[in-house]
Amino acid sequence: MEDLLKVSNLNTEFKSDYGSKPALNNISFNIKEGEVLALVGESGSGKTVTSLSIMGLLPNNASVENGEITLLSKKNKEINILNLSDEKHNEIRGNDISMVFQEPMTCLNPTMTVGEQILEVIIRHKKISKINAKKEMISLLELVEIPDPIQRSIEYPHQLSGGMRQRIMIAIALACSPKLIIADEPTSALDVTIQAQLLELLKKLKNSIVTKTSILFITHDLGIVKELADRVIVMYQGKIVEEGNVLDVFENPKHSYTNNLIQSLPEFKIEKRKQKKIIKKETNNKNIILSIKNLYKEFPVDKGIFKQSNESVKAVQNVSLNVRQNKILGLVGESGSGKSTLGKTIIKLIEPTSGKINFKNQDISNFNRQKMQNIRQKIQMIFQDPFASLNPRKNILDTLMEPILVHKLMKKNEATEYIKQIINDVGLPIESLIRFPHEFSGGQRQRIGIARALVLKPEFIIADEPVSALDVSIQAQVLNLLETIKETYNLTMIFISHDLSVIEYFCDEVAVMYLGHIVEMAPVNELFSNPKHSYTKALLSAVPKVKAKKTNKILIKGDIPSPINPPSGCVFRTRCPNPGIECKGGDIKMGLVEVEPNHWVDQCCAKLN
Amino acid sequence: MNFFLKKLLIVIPTLYIAWTVVFVTLNIIPGDPVNLMLGGRPASDEVRENVRKNLGLDKPVLERYGSFLVNATKGDLGKSYLTRQPVTKMIKENMMPTIELSIGGLIFGVFFGVLFGIFAGTKPNSIRDTISMIIALCGISLPSFWIGMMLIYIFGTTLGWVPIVGDGFVSLILPSISVGLFFAGGMARLTRSSLVDVLNQDYIRTARSKGISKYNIILKHSLRNAMIPPVTLLGIQFGLLITGAVITEEVFARPGLGQLLLQAILAKDIPLVQALVVYMTAVYIFLNLIVDFTYGIIDPRIRLERKN
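Residue numbers (the numbering used here), protein chains in the order written: chain W, 1 to 609; chain F, 1 to 308.
Please note that the accuracy of each hint is not assured.
[As the list claims (entries may be wrong)] DSBU-like, lysine-lysine: derived pairs with alpha carbons at most 35 angstroms apart:
(1) F:K268 <-> W:K239
(2) W:K88 <-> W:K75
(3) F:K307 <-> W:K134
(4) W:K135 <-> F:K6
(5) W:K130 <-> F:K7
(6) F:K123 <-> W:K74
(7) F:K214 <-> F:K7
[Said to hold, decoys possible] Cβ pair distances, simulated, as ranges:
(8) F:L142 <-> W:Q370: 27 to 35 angstroms
(9) W:P561 <-> F:D197: 28 to 36 angstroms
(10) F:N200 <-> W:Q421: 41 to 49 angstroms
(11) W:P392 <-> F:T157: 53 to 61 angstroms
(12) F:Y16 <-> W:N395: 29 to 37 angstroms
(13) W:M410 <-> F:R306: 31 to 39 angstroms
In short, the hints are calculated from the structure, not lab data. Where is the CB? At the ideal position from N, CA and C, for every residue including glycine.
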């Protein structure tokens, strides 16, 4: 096949007042017609800069210094993109090359209907009448499998879910049947279940109508590369370090960086750990340190001054669970499943609606603020976004000192010594203490977040998506750190994550949440090898894995329903791949039953099996 | 619409509070309206009593407070102490010139404000941005009496292009520029910053990736999204104008509500001041309502929020 796009010796630089910084260093690669080429690497490796250089959409402070990008246009003419004026480039953008961006939430214009936004690109490049363009727009919406396309086309982006919006973006990209589609992390901001739906759609498109279209797929997720791409390019610090067929690269990586990248995937680390786990397994009968019984949290929906509100967001529904000393309980589920609310309700950052919370044999659910103060010293939280949760105007020493002084744990000079030891334990140099949060990288900030949780000598830590914002290799480092401090400080943990492989790697027990309910709970090996609930099965199969064999995926349809009006009967039945008639009935109540020792499943699914 | 109904219900208590505050303040501050009526001339106690009785000032404060409320519900806001005319009539007479001037200023301000805002905002930190913003800063900071006098001097006296006083549309041009320049300066700065922000949004990058021309990106994708802050300012400043631009009215010797209010305060003409304050409060509430309504037109997300 012919080369569609040739990039040779591309150098792109960022300029600032302090001089210029190279972002791309002599990049050369080709994309063939009809090929899916994956571009992988960590943040800052230059993947996005490459795509923006091709599109001619670099930010003002960046520019291509030298190099060549030639495109075989629709008229079979070779065009050097970099020599084009902005007007000429506009003829190509959206027509020969189109792009799908990462953030479906912010990538569509909030003041235009989604239909208008698709129409716009059709009319711009195809120069056809509005009526014909409208017909094309509707068939595009059908192509990307949007239900009820005529109604949807007159809706605004905020009325659609994230998955739907990304389908709209794909429709826009497909509108003029371009030669090349650049997809920049198109599924990274979405839940695994929605991601699986979109990947399925992309695969379908690739095999049917758009066979001649090439895709440049930018991602950090090696699992997706394996699933979708023909060829892969690995980038590191603005350079291409490895290039080859997907299978070759994964089975036999040539460059040490590629090897490290693959080895730091949780799915590879799990292998090594499993042996360790089996030896430890028998020490399971430790004391229960935290026990939750029938916990509910409902937020009333504000209807205004004159209306009495009957509706509520049912965020946590009848949750009961136990956490044993020195164990890590993983909470997993899609966004909107109530995991974070549950985490915050446990330490009463959010007041529970009803239910009991037992911490070390004290019922803390009725504790007032004064009494909670002492408990909060024992239960600490680690948050997802360490930058947003650190005060930008306080240096690290002050940030770490504050809780110690508030709780009157020790005197100031004593505390300074203690903080030095903690900062050493989380793997940061002592000098960090006089620095401010913006001077650190994402991984370092999360280490500070961990140190902040540790200074109060807690016994229990609730970690809410602590590694979700980090690159794979940094993720692995932070998880290792969490593991060591868990051992050295003798901690018990609840670990909240949407990432199943991280959960599998890190946790001892797992609870799967859906729409406020726990639908399945089991020790980690049991849950991952023998899932019983349809939702768990679907979640597990949705994760793209490097080592997975080609199996049929269990896809779940649509988006998570509104927690204001959850479905009657079994809450999962509207998306269940194989729902029974029994699930619908009004007499079905959500509730866990023990199907095997320590393996709890929601009774609806337990019955069906 | 539920949202606007709620807003309208707030009008009555707001007017009531505004009026009460004025009533209390004017009764607390020293100075007897009778003295001002007499213009400092010596008068016997009898004459003074007569004047007092005529104005209704002999009645206890609470009674005056109450009777105003009762009359106000009938649409009677009382008579001016100074001219003995119904205050509503006086306001009506002075309203038209003020509205004319406000609309003139509004048109000038919005047109040039948005124009300069787009000019500067589409190319931030460039020379044209700097120059536009310096002009905008001049518009805000130059005192309007000076601008008014300069306009009269240059275009009226020296060049003789436009008449300085008189009726009709042409005579409105210079005063409109005089009040509109301040308006335009604020609009330009706000439009610029809002546009710079919008042009950095992801959806603008999406539009560019579709091959949309620069012109359409600004017109179709950016302006509407950038308009919320300028519209807010528009409401506030139009409110300021429509309640009277005293200095411009003085410089161009125009009648208007600003002049009327100034005279009323100096004469301690309580009924007139009260009526004017009630009028101004009502105008502000009304303009706010329009601004709120415009938000909904601009941004469908706000519309949806209100429906729920």
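- Task: Quick one: which hint numbers does this structure break? Sort them smallest to largest.
- Result: As far as the earlier hints go, 1, 4, 5, 7, 8, 12 and 13 are violated by this structure, in ascending order.
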